[in-house]
Amino acid sequence: MSYCVHCGVKLADYETRCPLCDTEVLDLNRNEANTEGYYQGRMDINGKKINKRFLVMLISLALLIPSAAVAVIDLVFSSGLTWAFYVFGAALIIWTFIVLPIYVEGKSPYIYLTADLCVSSLYILALSWLNTSVKWLMPVAMPIILSAGVCAFLIIFIVQDKRIGKIEKGGWIMIVTSFLPWAIDIAVTHYLTYSFIPEWAWYVSIPLLILGGVLVVASRNISMSEWIRRNLFF
Amino acid sequence: MFRISVTLSDDVDLRILEEAQIHTLKRFPSFASRLRKGLFWHFFEHIDGAPPILEDIYNPTQPLRFRRNRYFMYRLLYRKNRISAEFFHALTDGTGAMTFLLSLVAEYLHLKNGLHVMPSKYVFRCSDSPQAEEYEDAFLRYAGSNVTGLSERPSYRYTGTAVPLNKLLIISGEMPTEALHDKAKEYRTSIGVFLAAVLLYSVYKKQKSEMSKRALRHDAKISLPINLRRFFPTKTVRNFSSYINPGIKSRLGDYSFEEVLAQVEHFMGMNITEKELNARFSGNVKIEKNLLLRIVPLFLKDQILKIGHDLLGNRYSASTISNLGKVEVDEAMRPFITRIDFMLGRSYGKRSSCGCVSYNGNTVITFSRTIVEADIERNFFRQLVEMGIPVAIESNGRG
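Chains as they are written, first to last, in numbering that gives the first Met the number 0: chain A, 0 to 233; chain B, 0 to 398.
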């Protein structure tokens, strides 16, 4: 055991400098073997705490201020609320997509997705009601949003399934995603030509379907899945 | 947060410790509770199970992450032959925490070595049933109608180079209780008053060293937690403590240690009385019972209290010294416990705090600080060494 020449305190063997005055300990007889400190152990890393409530308030304010400004401008120039509703709806969509998962943390992703889907659909409904001259909103935008929602539900279900591996999950996600171009193509083609036969979606969906199918089959073949895993650094 | 550690003579067996914790939680039902938010108030709710026992950490008293800790308001840690517990102050105070931990250790020793420990001040037998008085809110029981205001002069506060948020620098000094007792006796006072005076003198020296009139404008003050059980008998293991802030008027001239000691002693003598303490905590209870404040929603109360605490909470003292005093355990238990440590956690306003506990002829004084500079600690321990008290120092580094 050494002593600090300035403070006069006895120092533990592992102290190389005095903790009180930072003076270097010079002791030729110091027991090097006994160097484990009383306070050694793992470091508890809590990370920097994000003030969730503050963040939510900040984003909400950032959305509320332009909405209020737009409402005032609309009232002044149009003598009533007309186009300001577009901004309110967009702000509500952003709030639901970003703020809700931050504020209501730890809930099932299906809940967030349902909320997102409801708000987006309501926005399309409101737009088509407010602006009757735009005809494509209900026949094109609404089916696309609903198809994307169904795809997202299925992808979440696949991602959360613990029984299947990463490669098989990738394959199933590709298969599910391959139906989205079809839905978009059918909605657009039907609106333009009243036909239900897709035009361009084959070029996107079929390669996705094939690739997805290969991955699903390969994942069940051990040697092939190992080869893919090695090459993709999984 | 604050922390109590018990060092055993043998390495800790994790499996037995887990079992002992389950038994102890049944004996201490108030510790098996979580903090819930109501519409108007926070409240405790009983929970089943036990918190995970983790390997001890290098940076103690980190904020509790409730979900990670299964919502318990204390965490249990172990490393080699040491068992440590860190407590959220809303759950208990130093006395309650020491009782819980020593009862846990007694149960652990019972399960491991078949030791039968007699119940004592700090040890409850886990086979006994809990009594309602042990988890009562003693503040409500003893609150009277006379209240005193909390207005007082702000204190000088020092600062330095801040360490990262997830770090806490610790320096602990171990010394013979006998030497400390003799020195206190020489000054015709108790160890508690003597140590408080040494800390206040260390703060005063730091204030003087700043060599500015601005620094000397404020009083040098420290905070002293008071165990209310001494004046208001209760068996509660829930929080039942108050505090006082003794100080000196630095602007009036130079003070010697003897003068500082006299100021502390007289201040404590005047303020640590049943009536003064009662009036002090009755004011808090009165606020709690105010109908108008009761109906204010919790989120508003939280924000107002947070702002109030940030602005005023830490203004009245530069440091804290919490002395748990002499811890006595049953004769059968003594050979198995080699050391007890007590440490206060990070305080955002006060740059360093100090916890003291005496056990088995040794007193361990542990400073925890959030700045690199260890001026107060250096002044404090050098003062003790100059008075002839041998001090052995340990630390977890200088940041």
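Take the hints with a grain of salt, since some may be wrong.
What the hints assert, rightly or not - Derived pair list, reagent style BS3-like, types lysine-lysine, alpha-carbon separation capped at 30 Å:
id	chain 1	residue 1	chain 2	residue 2
1	B	Lys-111	A	Lys-9
2	B	Lys-184	A	Lys-51
3	B	Lys-184	B	Lys-274
4	B	Lys-204	B	Lys-234
5	A	Lys-51	B	Lys-205
6	A	Lys-9	B	Lys-248
7	B	Lys-234	A	Lys-9
8	A	Lys-106	B	Lys-305
9	A	Lys-9	B	Lys-325
10	B	Lys-166	B	Lys-182
11	B	Lys-207	B	Lys-166
12	A	Lys-9	B	Lys-166
13	B	Lys-79	B	Lys-36
14	B	Lys-205	B	Lys-234
15	B	Lys-305	B	Lys-285
16	A	Lys-51	B	Lys-36
17	A	Lys-9	B	Lys-300
18	B	Lys-300	A	Lys-106
19	B	Lys-36	B	Lys-300
20	B	Lys-120	B	Lys-207
21	A	Lys-51	B	Lys-79
22	B	Lys-234	B	Lys-120
23	B	Lys-25	B	Lys-79
24	B	Lys-285	B	Lys-274
25	B	Lys-234	B	Lys-325
26	B	Lys-166	B	Lys-184
27	A	Lys-9	B	Lys-207
28	A	Lys-106	B	Lys-182
29	A	Lys-51	A	Lys-9
30	A	Lys-9	B	Lys-305
I should point out that these hints are in silico values taken from the structure, not numbers from a laboratory.
Going down the list of hints, with the structure as the test:
1. B:Lys-111 / A:Lys-9: violated, 35 Å
2. B:Lys-184 / A:Lys-51: violated, 53 Å
3. B:Lys-184 / B:Lys-274: holds, 28 Å
4. B:Lys-204 / B:Lys-234: Outside the cut-off at roughly 40 Å; violated.
5. A:Lys-51 / B:Lys-205: violated, 38 Å
6. A:Lys-9 / B:Lys-248: violated, 34 Å
7. B:Lys-234 / A:Lys-9: Between B:Lys-234 and A:Lys-9 the Cα gap is close to 40 Å, so the pair fails against 30 Å, i.e. violated.
8. A:Lys-106 / B:Lys-305: holds, 28 Å
9. A:Lys-9 / B:Lys-325: holds, 23 Å
10. B:Lys-166 / B:Lys-182: violated, 34 Å
11. B:Lys-207 / B:Lys-166: holds, 28 Å
12. A:Lys-9 / B:Lys-166: holds, 25 Å
13. B:Lys-79 / B:Lys-36: Judged against 30 Å, a Cα distance of about 38 Å means the pair is violated.
14. B:Lys-205 / B:Lys-234: violated, 40 Å
15. B:Lys-305 / B:Lys-285: holds, 19 Å
16. A:Lys-51 / B:Lys-36: Measuring from Cα to Cα gives roughly 16 Å; hence the hint holds.
17. A:Lys-9 / B:Lys-300: At roughly 49 Å apart (the allowed maximum being 30 Å), B:Lys-300 and A:Lys-9 break the hint.
18. B:Lys-300 / A:Lys-106: Holds - the C-alpha atoms of A:Lys-106 and B:Lys-300 are around 27 Å apart, at most 30 Å.
19. B:Lys-36 / B:Lys-300: holds, 12 Å
20. B:Lys-120 / B:Lys-207: With Cα atoms ~42 Å apart, B:Lys-120 and B:Lys-207 exceed 30 Å; violated.
21. A:Lys-51 / B:Lys-79: violated, 38 Å
22. B:Lys-234 / B:Lys-120: holds, 9 Å
23. B:Lys-25 / B:Lys-79: holds, 26 Å
24. B:Lys-285 / B:Lys-274: Roughly 16 Å between the alpha carbons, so the hint for B:Lys-285 and B:Lys-274 holds.
25. B:Lys-234 / B:Lys-325: holds, 18 Å
26. B:Lys-166 / B:Lys-184: Since the Cα atoms of B:Lys-166 and B:Lys-184 sit roughly 38 Å apart, the hinted pair is violated (cutoff 30 Å).
27. A:Lys-9 / B:Lys-207: Roughly 27 Å separates the two Cα atoms, so the pair holds.
28. A:Lys-106 / B:Lys-182: violated, 61 Å
29. A:Lys-51 / A:Lys-9: violated, 46 Å
30. A:Lys-9 / B:Lys-305: violated, 42 Å
In summary, the numbered hints that this structure violates are 1, 2, 4, 5, 6, 7, 10, 13, 14, 17, 20, 21, 26, 28, 29 and 30.
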